[in-house]
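Peer 1: Could you slot chain Y onto chain B? The hints should help.
Residue numbers (my numbering), protein chains in the order written: chain B, 1 to 350; chain Y, 1 to 228.
Don't take every hint at face value.
[Said to hold, decoys possible] Under the rule of at most 30 Å between Cα atoms (straight-line distance), these lysine-lysine pairs were calculated in the DSS-like manner:
| # | chain 1 | residue 1 | chain 2 | residue 2 |
| --- | --- | --- | --- | --- |
| 1 | B | Lys93 | B | Lys119 |
| 2 | Y | Lys141 | B | Lys118 |
| 3 | B | Lys20 | Y | Lys182 |
[Said to hold, decoys possible] Some, not all, of what chain B presents toward chain Y, calculated at C-beta under 8 Å:
| # | residue |
| --- | --- |
| 4 | Lys70 |
| 5 | Phe74 |
| 6 | Ser75 |
| 7 | Thr83 |
| 8 | Leu84 |
| 9 | Leu92 |
| 10 | Ile106 |
| 11 | Ala151 |
| 12 | Lys156 |
[As the list claims (entries may be wrong)] Beyond 12 Å from chain B on every Cβ pair, some chain Y residues (computed):
| # | residue |
| --- | --- |
| 13 | Ser21 |
| 14 | Cys35 |
| 15 | Arg63 |
| 16 | Leu94 |
| 17 | Glu124 |
| 18 | Val161 |
Hints listed in this document are in silico derivations from the structure and should not be mistaken for laboratory results. Every value quoted in this text rests on a predicted model; they were computed, and no experiment measured them. Every residue, glycine too, gets a C-beta built ideally from N, C-alpha and C.
One letter stands for each residue in the lines below.
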Amino acid sequence: MAINSIIFNLKKIRHFYGDKKVLEIDDLEIEKGSITGLIGPNGSGKSTLLKLLAFAEQPTFGKIFYKGQKGLPFSHLVRSKVTLLTQKPYLLKRTVFDNIVYGLKIRKDTAELEKKVKKALENVGLDYALFSQRKWHELSGGEAQRVAMAARLILKPEVLLLDEPTASVDTESAKLIRKASLKAREKWGTTLVVASHDLQWLYSITDKQLSLFEGHIFSAGMENIITGPFENMDSNNSESKGVKKVIKKLSDGQIIILTAPHNKENKAVIRKSNILLNLEKSKDNNFTNQLSGHISSLLLEKKQSNIIATIIVNDFSFVLTLSADQISSLSLYPGKDVVIEFDHNDVEWV
Amino acid sequence: MDFIVAGFVKAIELLISGDNSTWTAVWATLKVSTCSMLLSVGAGLPCGFLIGYFDFKGKKHLRTILDTLLALPTVFIGLAVYAFISYQGPLGELGLLFTLTGIAIGQTILAFPIVTAITASIIENIDQDLKLTLVSLGAGKRNIIATCLWEVRFGILTAAVTAYGRVLTEVGISMMVGGNIKYSTRTITTAIALETNKGQFADGIALGVVLITIAFIVNLSLSFLRRQ
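Chain B with its partners taken away, still in its complex shape:
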């Protein structure tokens, strides 16, 4: 990848809130003009990562390079070029028009404001005549979110960071916000980084997915995390063969066997590339773990033409990547009973 095609480069980032480490990223690159999806449960570090990328906060340790140069909050390198839209954006206590032109006025770009506001409102499906003079408190949640989006789009940003932008808005607003963000990329080559729980949308638009869990990032997208507590496996057990193993008992009686961690880590990561899917358990393979479950969803990963399958095994949800051929040959569909297989050695502890 050419250096000039990288817009963000994060090096050895460690970010703390008080004593709590909330983000740990050794190396992360985001390509210019790409759409990157951030996936992860609440509290996994998605919003913190977006705030760091927006240069609204400085990482406690480590550096963020923007277009090859070290980016700092308020530096000219990033001001007005990187913008963030949060789930509940703050609208200034003024009219819609004044909210939208705020960023332009800051950078003293005051030519043809009316025309620009008209265009920005049009992009998010709001009528200029109806909305431009409305006050901040005269808008519904969806309208407020669209106004906030327009305030960012009017800046023609190089990077648009979206933190759950459609989580608390109506369907129509969500559709228009999604459309507007994609249009920004198409028209101005804006780089998009999107955090969303709407996996179907995320997988359908993103070039790359990054998965976060407790501040750790997995660059191959969503991975499988098994949280403790784990029990030590009986060392006399013939299956352990001298290698220390731990087990996780599921409430339906199934057992997950994993190689024990070296230190005190208590979260096991099973890469989705290490999981195979079958229709029934077989005795003639070497996998330590064969778990019965059912398919809960199949999502098309548009850019790679793969399908992300989510399998529910008792209380746990596992994801794995399947090809369209596999789906077809195994006649897979949501609700179908399947078996997932992986080896106890294919575990990483965090």
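Peer 2: Using the frame of chain B, we list chain Y on its own:
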């Protein structure tokens, strides 16, 4: 009961007839209260912003001291200011004792913690997303400060009005530092105290009515501004 009714009637007469001593006290009050309110806002606003916006060591203790100062008795401030500006005091040469300027200094000391504490609380309670939004829209540090203050403008107005109400109605400082000199440093509150002591309830009630009217107009203006 009759003397109260008579007092109200006399009050209206005094105000309509433009009684010199009454109106001098009214103007002195307005002048000195407005001046001390403006001074306390000028000093208290930036201090309150700094305390509310930034986190620093000892902030909690500073807030405790500030909150304690809210209950500072006016006679104590009067005493302290008197000690400083009396002819034997360190600022005696300035000749501020028994002047409206002297009262304004005392009232500024009274109003300063009110403006500072209220501003600090308002700034502390600013929506955390505001700063994030402003940074996202390309605001610099100065833009952030200016916009934050503009966003809480009604809160700051409330702080100013609260301070105004406090200085408008205080009597201790005006009495001790001003000396209650007729046609000079007599304010509405000191005049009420004097007239009541003399048994001139009508004069006292007249001045009381004026005081309440001023407070009402100030609050009405604030409500009007909020609606705007």
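Peer 1: Does the closest beta carbon of chain Y sit nearer than 8 Å to the beta carbon of Phe74/B?
Peer 2: holds (6 Å)
Peer 1: With a cut-off of 8 Å on the beta carbons, see whether Ile106/B makes it to chain Y.
Peer 2: holds (5 Å)
Peer 1: For the restraint on Thr83/B, tell me whether the closest CB of chain Y is nearer than 8 Å.
Peer 2: holds (5 Å)
Peer 1: Can Lys156/B be said to touch chain Y, with a Cβ gap under 8 Å?
Peer 2: violated (12 Å)
Peer 1: Does Ser21/Y sit more than 12 Å from chain B, CB to CB?
Peer 2: holds (46 Å)
Peer 1: Per the CB criterion, is Ser75/B less than 8 Å away from chain Y?
Peer 2: Hint violated; Ser75/B Cβ to chain Y Cβ min 10 Å, cut 8 Å.
Peer 1: Say whether it holds or is violated: Arg63/Y keeps its Cβ farther than 12 Å from all Cβ of chain B.
Peer 2: Fine: 20 Å to the nearest Cβ keeps Arg63/Y off the interface.
Peer 1: Beyond 12 Å on every Cβ pair: is that true for Cys35/Y relative to chain B?
Peer 2: holds (30 Å)
Peer 1: Evaluate the condition: distance from the CB of Val161/Y to the nearest CB of chain B exceeds 12 Å.
Peer 2: holds (19 Å)
Peer 1: Compare the distance between the alpha carbons of Lys20/B and Lys182/Y with 30 Å, and conclude whether the hinted pair is satisfied.
Peer 2: violated (66 Å)
Peer 1: Going by Cβ atoms only, is Lys70/B closer than 8 Å to chain Y?
Peer 2: violated (17 Å)
Peer 1: Closest CB-CB distance from Leu94/Y to chain B, is it above 12 Å?
Peer 2: Non-interface label stands for Leu94/Y: nearest chain B Cβ at 43 Å, farther than 12 Å.
Figure legend: structure checked against the earlier numbered hints; hints not met, in rising order: 3, 4, 6, 12.
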